[in-house]
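Read top to bottom, the protein sequences are chains U and W.
When we follow the working numbering, the leftmost residue of the first sequence carries the number 1, and every step to the right adds one.
When we follow the working numbering, the leftmost residue of the second sequence carries the number 112, and every step to the right adds one.
Among the hints, erroneous ones may be present.
[To be verified] Straight-line Cα separation of at most 25 Å, BS3-like style, residue types lysine-lysine; simulated pairs:
{"#": "1", "chain 1": "W", "residue 1": "Lys179", "chain 2": "U", "residue 2": "Lys44"}
{"#": "2", "chain 1": "U", "residue 1": "Lys44", "chain 2": "W", "residue 2": "Lys219"}
{"#": "3", "chain 1": "U", "residue 1": "Lys44", "chain 2": "W", "residue 2": "Lys182"}
In case anyone wonders, no lab produced these hints; they're calculated from the structure.
Note that the structure is predicted; figures quoted are calculated from it, not measured.
Next come the chains, spelled out residue by residue.
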Amino acid sequence: NAGVMQNPRHLVRRRGQEARLRCSPVKGHSHVYWYRQLPEEGLKFMVYLQKENIIDESGMPKERFSAEFPKEGPSILRIQQVVRGDSAAYFCASSPANEQYFGPGTRLTVT
Amino acid sequence: DQQVKQNSPSLSVQEGRISILNCDYTNSMFDYFLWYKKYPAEGPTFLISISSIKDKNEDGRFTVFLNKSAKHLSLHIVPSQPGDSAVYFCAASAQGGSEKLVFGKGTKLTVNP
Numbered sequence: 001n002a003g004v005m006q007n008p009r010h011l012v013r014r015r016g017q018e019a020r021l022r023c024s025p026v027k028g029h030s031h032v033y034w035y036r037q038l039p040e041e042g043l044k045f046m047v048y049l050q051k052e053n054i055i056d057e058s059g060m061p062k063e064r065f066s067a068e069f070p071k072e073g074p075s076i077l078r079i080q081q082v083v084r085g086d087s088a089a090y091f092c093a094s095s096p097a098n099e100q101y102f103g104p105g106t107r108l109t110v111t
Numbered sequence: 112d113q114q115v116k117q118n119s120p121s122l123s124v125q126e127g128r129i130s131i132l133n134c135d136y137t138n139s140m141f142d143y144f145l146w147y148k149k150y151p152a153e154g155p156t157f158l159i160s161i162s163s164i165k166d167k168n169e170d171g172r173f174t175v176f177l178n179k180s181a182k183h184l185s186l187h188i189v190p191s192q193p194g195d196s197a198v199y200f201c202a203a204s205a206q207g208g209s210e211k212l213v214f215g216k217g218t219k220l221t222v223n224p
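Based on the sequences and whatever the hints tell you, model everything.
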């Protein structure tokens, strides 16, 4: 039983580059959530998606950030023109209904 | 505006004793509450949850208590084991958990042998 998978686990980008984070939910789960954790903080909600639909993007920054969950393939969180403040751990979770199950996270470092 | 608060950043307990982790919330729309355990460099692991229609849920050594009038919940671990040492996050959701989770900042539990 594969859990939520995220890749890459670590990603280093220079300022101005693009970062693409991938999340494969648990097989059969149709709900995907992205969260961001800054050092010494709790996880902060970014976006909630179902297949081909964005359900809630109230936590997404207005610019440079986008997310998708296509009919086939993983969910992608894309950050364009990264800045140092984007350095954080990004976690994806999937859910069949209530409990959300988290992946191991992608640690993004912007140099 | 912190809707979910874990006021104790850290807690140290002796092996075999009870660990009690506390969490307060402000949003009365929350109706589903969860506890997650997190080790460094890993994702949060789901531990236990409780719906607002209940005041207690138990799973092995873990029990969660909910006091809706006080907007307070707690996680009891008994007996505590060294392997329980981790950061524990309280999270809350509206509409039965299918919505986004709002997390507290976490409490770092250390269980001493």
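These are the hints, each one checked on the structure:
no.	hint	result
1	W:Lys179 <-> U:Lys44	holds, 24 Å
2	U:Lys44 <-> W:Lys219	holds, 18 Å
3	U:Lys44 <-> W:Lys182	holds, 21 Å
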